[in-house]
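Novice: Those sequence lines, one after another, are chains A and B. For what it's worth, my numbering labels the leading residue of the first sequence as 4, then goes sequentially. For what it's worth, my numbering labels the leading residue of the second sequence as 33, then goes sequentially.
Keep in mind that the hints were calculated from the coordinates and are not lab data. Treat the hints with care, since some could be wrong.
[Unchecked claim] Here's a subset of chain B near chain A, in silico, CB distances under 10 Å, partners left out:
{"hint": "1", "residue": "T39"}
{"hint": "2", "residue": "S42"}
{"hint": "3", "residue": "A53"}
{"hint": "4", "residue": "D55"}
{"hint": "5", "residue": "A76"}
{"hint": "6", "residue": "Q140"}
[Unchecked claim] In silico BS3-like cross-links for lysine-lysine, where the CA-CA straight-line distance does not exceed 25 Å:
{"hint": "7", "chain 1": "A", "residue 1": "K316", "chain 2": "B", "residue 2": "K56"}
{"hint": "8", "chain 1": "A", "residue 1": "K160", "chain 2": "A", "residue 2": "K363"}
{"hint": "9", "chain 1": "A", "residue 1": "K318", "chain 2": "B", "residue 2": "K82"}
These numbers come from a predicted model, not from an experiment. Quick reminder that beta carbons are idealized off the backbone N, C-alpha and C, glycines included.
What follows is the residue order along each chain.
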Amino acid sequence: MANVFRVGNCAGFSGDRVDAPAPVVDTLIELGGPCAVFFETLGERTVALAQLEKRRDSQRGYEPMLERLLESILVRCAEHGIPIIGNFGAANPPGAARVIARLALRLGMPELKIGVVYGDDVRERLDPKTHEVYEADTGLDMGGGEIVSANAYLSAKPIVDALKAGAQIVVTGRTGDPSLALAPLIHHFGWRYDDWARLAIGAAAGHLLECGAQITGGYYYDPGYKDIPDPANIGFPIAEVDADGHLVITKAARTGGLVNAQVVKEQLLYEIHDPAHYITPDVTLDFSQVTIHEIGNNRVEVRGVRGGAAPQKIKATVCFDGGWMGEGEISYAGPNCLARARAAAEVLLERLKLRKLAVKARVDLIGIASVHDGGGGTRWRTYEGGEPQDIRVRLAVSARTQDDADQAAREALALYCCGPAGGGGVRWSTTPRIRTQSYLMLPSDLAPGCRVQSAAQIAK
Amino acid sequence: MTQADDTLVSVPLHSVAHGRAGDKGNRLNVSVMPYDPAAYAVLAEQLTEKRVLELYAHRGATNVKRYELPLLPAFNFVIEDVLEGGVNGSLNVDGHGKSNSFILLGMQVRVPGKFVRAVKPAKRT
């Protein structure tokens, strides 16, 4: 492969390992050549949680680990001309830019050019009553809650514009996840915005990398069946793309994990509906003819990605106030614990009825059946396997008010004295809930753009 | 458990294939890839949309669509209405349904013994 551009991923979600970025940047510097890194830290509802945070404090609402994620790499990336791109702006890209600016000043880089992408916040532009509902979400009950946030999935273009304007780090809010990796490729190779074949390679690279360690053995690891080296020290992924559209996936040097054909296949189909029509804001991807080839140690080539025209409409996700969730848990262990746990579960459900609390409830017997069970608890009710030794009973409720959620959750607390026998380790909590629904907007509904300023200007 | 022959054995799909689940709203996708590409055909006969729908019926699933990718080879199952309203509406501990790939991987299949993955004992610490 000649004229290779490398894109490294430094985070796959909000909550990822904060020591992941340094080995990626070390590797890119050692390899030399043009490259960029990106952070994907904004899930479907992360933006709503960030919006709630911003409501409490107007300065916040960006990725909470932002400083920790950037601290070890910001200087070296600037010194080696490695642009950093991240959707860590969440609900407040200008707020994130201020944090980065202050970090840059502290690290002695007042001239660092920071780009901020705007225009994804469409609360003033989207009307849930008139805009078309995204087809996967039709029929969802939004419960009539007020709108917390509305964000459109922006394309790579505003990021490319920021890079063209000299940005060394680009902060976005909601944008297509693959667009974060595609943008530096468009910028480097000068791809046209209707060069679907090449855009498809870049977007595929973004799709494969956007979940970090999911393509380097992390989420793949299944002891005995799919083993990996050093799972506590998994290296994050790097994609190599050349001008002809070759795409190779590899990872940071001197790290754990692995890149093989199996893990690349798992990530290729992750969160995919029709593999022949995977829609991103920049290009529609067709994975139906893809083949995967192990071409070296931790090096996998992806061939056959095809591209079609970008969608006519733009997806926007609206988050509504979804009331409250209450949770209460208690443990039973040792002889006859299954019978005691089942009894506790039935008592909890009966208590909610007796108290006429306005809640929807579910109970799990963690250790017997929980994550695979339906809301009705058929699996723990009908369980006939061996006698377990340790079970945690979990009550979860949804309610309009925090008080109802709290009162229901406290019924688990009451089991301390009210029995059954031997219950211990109660925890209970309430958390605000967000409901999301996606809509389709026209490009003319949006006005995205970018602003590039120095750290010194932003920090003023 | 390895049988390098054509004798049919009943095993969980997990012994023959690997996969991953992802969510989009109230919709789950589960990919399935046989360890041995030669097992694709026999799995295609058994991993029918109807059987997969039955596996997720207790979770409220209403429809299953199977996409075939014989070149990888892989299947992609798209399972509708299985996430109790999605990550933001569900009361499940795992609102994303990320653990739900292992519902499908727990399905019993009948395959030639040569397709069953040899298991290395997991390390105990």
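Novice: Sort out which numbered hints this structure fails and list those numbers smallest first.
Specialist: Numbers 1, 2, 5, 6, 8, 9 - these are the hints that the structure violates, sorted from lowest upward.
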